[in-house]
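Chemist: Protein chains in written order, with the working numbering: chain A, 1 to 125; chain B, 1 to 204.
I should point out that these hints are in silico values taken from the structure, not numbers from a laboratory.
Some clues are possibly wrong.
[To be verified] Simulated restraints, written as ranges between beta carbons of each label pair: (1) A:GLU30 x B:GLU28: 21 to 27 Å; (2) A:GLN69 x B:GLY173: 24 to 30 Å; (3) B:ARG94 x A:GLN69: 29 to 35 Å.
[As the list claims (entries may be wrong)] Examples of chain A residues toward chain B, derived with CB under 8 Å: (4) ARG10; (5) HIS18; (6) ARG53; (7) GLU57; (8) TYR61; (9) VAL75; (10) ARG97; (11) ILE98.
Where is the CB? At the ideal position from N, CA and C, for every residue including glycine.
For reference, the chains in residue letters:
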Amino acid sequence: MSNRIALSRRLKGLVLKHVYGMVTCRQFDEFLSRCCERSLAPSERRRLSWHARLCRECRDYLAAYQRAQEVGRAVLAASAADALAPASTLEERIVARIDAQVASDASGAARRATDADSKKPFRPD
Amino acid sequence: MTDALAPRQGSERISKEGVVADRKRVLEQLVRDNIRWMHALAQRLLGDRALAEDAVQDAFEAAFRGLAAFQGRSALKTWLHRITVNTALMKLRRLKRLAEQPIDDWLPEFDEVDCRIEAEWPAIASTESVVASEELRIAVAIRIAQLPESYRVVLQLRDMDGYTTLEVAELLGISENNVNVRLYRARAALKTLLEPVLRGSLDS
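With the hints as constraints, model all of the structure from the sequences given.
Modeler: Printed below as a string of structure tokens:
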């Protein structure tokens with residue numbers, strides 16, 4: 001990085017840090033992360049917008065960050081539509097397995113009921 | 001749906017075989033109507049077709065066990081959606097893929113005076129142009145898959161499947177604050193991962 005650019009970055013950093021109402025790029029990032037929790041207060045929103053007007057890096061970052069979310073969502077939605085279909089036998093396998101389980105539960109319950117009956121003390125009429 | 005499975009009081013003429021056939025018919029219908037989207041959902045969360053099939057099988061078993069208790073307070077699809085997410089997450093936990101992994105290399109960088117380090121963006125690819133190109137869609141999907149599971153799952157559930165922060169926190173067994181932290185880091189990492197696609201410099 002040339003000396004001139006390094007100096008102007010340093011100057012920008014100091015201005016953003018010390019001028020009232022301004023936020024640094026790092027604070028700008030913290031505001032962005034807070035957007036995940038809640039909507040920002042009007043004063044926070046104003047500070048974000050002032051910062052974005054002054055800072056080329058954060059302006060570019062924000063545009064790319066937002067576009068990445070849009071692209072990610074759109075591609076995931078498209079890939080959900082083209083997802084590989086399950087094996088053709090899966091439907092049958094699931095039905096057979098659940099059906100067998102229900103049948104085994106039912107026969108288990110019947111067996112338990114019979115066992116309980118057989119353990120009842122004999123009472124002659 | 002539950003009525004078909006409930007014992008039919010007062011209809012003693014219906015044989016046991018009839019009830020069994022009825023139950024099987026309901027089960028077949030339930031599976032047929034929902035298997036494709038449930039499998040697609042499990043596949044997105046697990047990133048693997050065979051694992052997704054296992055998760056769907058477990059989900060249907062859990063759903064069928066709980067069907068009598070399903071009181072219709074939510075739509076059947078919403079209920080099945082949650083069960084599928086739960087079974088897929090259980091698989092991820094069992095495979096220990098939900099442990100938090102470092103993601104720092106993909107997070108924004110700042111210099112010593114807290115100024116952002118960000119190369120210029122003369123142009124950004126439009127969402128439409130990316131979605132229209134199969135090659136770019138694949139490139140994006142591969143990059144999303146590079147996110148560690150613990151972040152990718154939060155991104156998927158919150159940003160795509162429409163769960164609230166509280167619901168994601170409950171599903172993953174973590175705090176709401178942790179969900180928000182992971183969500184922001186996942187979105188920031190996604191921006192870094194998608195840079196070559198968005199800058200149109202995929203081949204370079």
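Chemist: Run the structure past the numbered hints and jot down the numbers of the failing ones, going up.
Modeler: Of the numbered hints, 1, 5, 6 do not hold.
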